[in-house]
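Add 91 to the 1-based position in the sequence shown for the numbering used here, that's all there is to it.
Treat the hints with care, since some could be wrong.
Straight-line Cα separation of at most 27 Å, BS3-like style, residue types lysine-lysine; simulated pairs [stated by the list, open to error]: (1) K177 <-> K193; (2) K145 <-> K98; (3) K191 <-> K119; (4) K231 <-> K145; (5) K145 <-> K164; (6) K179 <-> K165; (7) K179 <-> K191; (8) K291 <-> K193; (9) K193 <-> K119; (10) K147 <-> K193; (11) K165 <-> K177; (12) K119 <-> K165; (13) K147 <-> K119; (14) K246 <-> K119; (15) K177 <-> K164; (16) K177 <-> K236; (17) K147 <-> K230; (18) K231 <-> K213; (19) K177 <-> K145; (20) K119 <-> K291; (21) K119 <-> K289; (22) K119 <-> K236; (23) K147 <-> K164; (24) K179 <-> K246; (25) K164 <-> K191; (26) K231 <-> K193; (27) K177 <-> K119; (28) K246 <-> K213; (29) K119 <-> K164.
These are calculated hints, taken from the structure and not from any lab test.
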Amino acid sequence: MSGAIMKYLIGLTGLLGSGKSVVAGEFKRLGAFIIDTDQIAHEITSPNGQAITKIKACFGASYLDHNNALDRKKMRELIFNNLAAKSKLEEILHPIILTKTKNLILQSSSSYNIIAVPLLFKSLNYLSLIDRSIFVDSKKDLLLKRVMLRNNLTKQQINSILKAQTPRDVQILLCDDVLANNSTIDELYNSILNLDIKYKTLCQNII
């Protein structure tokens with residue numbers, strides 16, 4: 092088993108708007124322990140979160156809102172075309188997120204655990220932890236539709252985010268399991284159920 096932590100760990104990833112949250116929610120319903128790195132990032136940048144002091148020191152109080160939380164809209168506008176600012180933000184957030192992820196893994200008593208990481212195949216720290224990986228696949232037109240409805244972003248902003256992610260065809264080659272999210276929710280749930288059975292069997296064979 093990979094990594095120093097002896098738990099069965101599965102990395103979950105997919106392009107923006109692919110449906111990772113829906114997939115994670117269904118695996119949770121089936122008994123998996125879910126760690127969502129996006130959720131952790133949101134928590135540590137919420138009012139008086141663990142990253143707020145460093146963000147204020149690096150970017151100034153103007154990038155915090157009246158609740159002493161990260162002003163997400165303003166920060167998104169700053170880092171959209173500013174790689175240096177984006178790197179500085181990542182240097183603050185990523186170590187905290189990784190530490191919290193490892194602590195959560197230790198708390199799990201589930202047969203297998205899922206770590207949702209948007210840029211999994213660019214994140215060596217997480218690749219070194221996991222035993223398997225899932226890529227949630229979805230067609231480009233569906234991705235755009237979901238994200239525009241959910242996040243109120245322009246096509247330009249969405250395409251910029253997608254461009255920063257590992258290309259779809261590369262992720263399909265790199266992952267162990269592909270979950271297609273192009274049809275009905277029932278079809279997606281059936282595919283997840285099949286993977287759940289597979290993972291529980293793998294755990295029994297390893298542990």
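* Asked: Can the restraint linking K177 and K164 be considered satisfied, given a maximum Cα separation of 27 Å?
  -> The given pair, whose Cα atoms are some 14 Å apart, holds under the 27 Å limit.
* Distance restraint between K179 and K191, which requires alpha-carbon spacing of 27 Å or less -> holds (19 Å)
* Asked: Taking 27 Å as the top limit, are the C-alpha atoms of K179 and K246 close enough?
  -> holds (25 Å)
* Within 27 Å, alpha carbon to alpha carbon, are K231 and K145? -> violated (36 Å)
* Pair hint outcome, K145 versus K98 [Cα-Cα no greater than 27 Å] -> Measuring from Cα to Cα gives roughly 32 Å; hence the hint is violated.
* Is the Cα-Cα distance between K246 and K119 27 Å or less? -> This hinted pair is violated, its Cα atoms lying about 31 Å apart.
* To do: Decide if the proposed pair is consistent with the structure: K119 and K291, CA atoms, cutoff 27 Å inclusive.
  => Within the cut-off at roughly 13 Å; holds.
* Does K177 lie within 27 Å of K165 when you go C-alpha to C-alpha? -> holds (13 Å)
* Asked: Does K119 lie within 27 Å of K177 when you go C-alpha to C-alpha?
  -> violated (32 Å)
* Asked: Would the pair K147 and K193 pass a check requiring their Cα atoms to be no farther apart than 27 Å?
  -> Roughly 26 Å between the alpha carbons, so the hint for K147 and K193 holds.
* Asked: Is K231 close enough to K193, meaning Cα to Cα at most 27 Å?
  -> Violated - the C-alpha atoms of K193 and K231 are around 33 Å apart, more than 27 Å.
* Within a Cα-Cα threshold of 27 Å, do K145 and K164 meet the stated pairing? -> Satisfied, since the Cα-Cα distance of roughly 18 Å is no more than 27 Å.
Hints 2, 4, 12, 13, 14, 17, 26, 27, 29 from the list above are not met by this structure, while the remaining hints are.
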